[in-house]
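Q: Position chain B relative to chain A; hints supplied.
Residue numbers (my numbering), protein chains in the order written: chain A, 1 to 320; chain B, 1 to 325.
Calculated from the structure, these hints are not laboratory results.
Calculated cross-link-like contacts (lysine to aspartate or glutamate; reagent style EDC-like; alpha-carbon spacing at most 16 Å):
1) B/Lys314 - B/Glu218
2) B/Lys198 - B/Asp182
3) B/Lys108 - A/Glu312
4) A/Lys33 - A/Glu303
5) B/Lys108 - A/Asp77
6) B/Lys108 - A/Glu106
7) B/Lys110 - A/Glu106
8) B/Lys312 - B/Glu224
9) A/Lys57 - A/Asp136
10) B/Lys108 - A/Glu315
11) A/Lys261 - A/Asp206
12) A/Lys293 - A/Asp77
13) A/Lys7 - A/Glu270
14) B/Lys320 - B/Asp222
15) A/Lys7 - A/Glu215
16) B/Lys110 - A/Glu315
17) B/Lys320 - B/Asp203
18) B/Lys320 - B/Glu224
19) A/Lys89 - A/Asp316
20) B/Lys108 - A/Asp316
21) A/Lys7 - A/Glu272
22) A/Lys164 - B/Asp51
23) A/Lys89 - A/Glu315
24) A/Lys79 - A/Asp296
25) A/Lys89 - A/Glu303
26) B/Lys3 - B/Asp182
27) A/Lys57 - A/Asp77
28) B/Lys110 - A/Asp316
29) A/Lys79 - A/Glu297
30) A/Lys164 - B/Asp55
Listed below, chain by chain, are the residues.
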Amino acid sequence: MAIEKEKLLWMYRNMVTIRLFEERVAEYFAAGKIYGFVHLYVGEEATATGVCANLRKDDYITSTHRGHGHLISKGGDLKLMMAELFGRKTGYCKGKGGSMHIADVELGILGANGIVGGGFPIATGAGLTAKYNGTDQVAVCFFGDGASNQGTFHEALNLASIWKLPVIFVNENNMYGISMSQKKSMNVPDVAARAAAYNVPGVVVDGNDVLAVYEAAGEAIKRARSGEGPTLLECKTYRYRGHFEGDPTVYRPKEEVEEWKKKDPIPRFENELAKMGILAPDQAQTIKAEIGKLIDEAVKFAEESPWPSPEEITEDVYAV
Amino acid sequence: MRKLTMLKAINEALRQEMRRDPRVYVTGEDVGVFGGCFGVTAGLIEEFGPDRVRDTPITESAIVGSSVGAAATGLRPVAELMFIDFIGVTMDQIFNQAAKMRYMFGGKAKVPMVLRMPCGAGGSAAAQHSQCLEAWLMHVPGLKVVAPSMPYDAKGLLISSIRDDNPVVFIEHKFLYGAEGDVPEEPYTIPLGKADVKKEGKDVTIIATMAMVHRALEAAADLEKDGISAEVVDPRTLQPLDNETIINSIKKTHRAVIVHEAVKFAGPGAEIAAMIAEEAFDYLDAPIKRVAAPFTPVPFSPPLEKDFVPSKEKITSAVKALLQE
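This is chain A alone, in the form it adopts within the complex (with noise of 0.2 Å):
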């Protein structure tokens, strides 16, 4: 496979952009500066990557509670979602969204959502809109295998299936919905058996491998575009934190965690490209230091953001 330097190394960046976003709001949240509930990413960079890095600004994306990688990797701005995640009136969803909501429609982004498997219906609907007018847009629905026991995901697979909507449903399987292991929620190995059901392609992938995602993505989305309709793409994946911060994980064993941590998609990543010869170590750190102060830049932008006033409570519940 043949990809231009300039996009494995944007792969790369975006990787380690969510990594250090995500450990950054760790350390925030843990200080009592980022409020309600907050789901990281860690550990599952190559999958949002990986798809994303095939995707315009004009396709659309839905994400789910672990959206900050799916936001970053669709060209989210750092500032304006950290601001959100500080609760300050320029971020995002001017402070009423938070971690759970943020979304930016010009992006394409049509949310991370709060609700498991409410995502769904809506990503379909997106396609919908693209086929509708005759685009070749596509729209990605992210999920976790615990959302594919929502009903949600049955009746909306059935529909873009049967309506061959151009809908990409990336299931991120990083083997727990909560604290319950995939293997106790469901009775069959793969959430893409699943796809069997409704004449859909199903395939898994090393979700840790970005560009295995990358190709898998590739032709799931090249499929979408030429009207052949959906594709259920497994991502088989792990996230190194509990379900949310504060979580003590007590639902899975130790050795677990180590062993995936050992499968790190960004180390790999790393060799991967300096066996390619595009990136010698000095290079990551350098790009990793350059992260750093985008993110140290979010961080002071939100700090230093007003709060929203009293007034701003009871404004956009309608569209005038």
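A: Same frame as chain A, now just chain B:
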């Protein structure tokens, strides 16, 4: 003027808006060749084809949710649920997704969709196909709730609903589909949030919705014979509610009877009564009365069902009792 049934008036509104705006499409169970569960979408597929009159499987969450996604990305869906009773199946997409998207996104999205659905008892369809659940929907910030009683209102309000940039729930009482009335041929709009005084009067205000407007008018005619002059106000839109028209009527009559087919406890009348008590208490000469369904599921057996729906007699006796207070 030309007479149309409410069913035909709604059909005409859909047809005219689909002609006017190519972004408008109709979707739902059996809306195509079958023409809709009650026949409301009849003939649309012949004119607009299956891409704009989209039959779906029995899949309410996907009908509503795909409409949310399509609306957020630039189309203007008009989705049909066969019965309001099915909102339970799809409520997440209605109240967590459609209604909140704009607010949660800081005003940077709009969701211009209409969700049409019939309500109401009277056909022995029993408790899962006969309810009036408008109060559930009135309670959700972000939704607009329209509940017409006359063919004229239904056409103008539906056109306004389709042109509105918010999610609008458009409730049609199934026993009004055959009601006839004057309906202009050309497209016209009626502002959402504007009540209509269906009959002027001076002794009491009867605030009634949907099928109960007709019953209230019959009751008012009977009361007239007894020398009682009742004013009948139809809110037409329950969210936003036209407080002003209701209060102006109370200022004139000093008495209020609220009539609806939904169950009384925490029904739409509870909000209207509270609003009157808060904003027009000093104008009242008697307590507010509500005539509504008992707090039970809708029964099946015809005599029980008949007793469930507020009758003309219950309205007239409520008014008479109030005048003696």
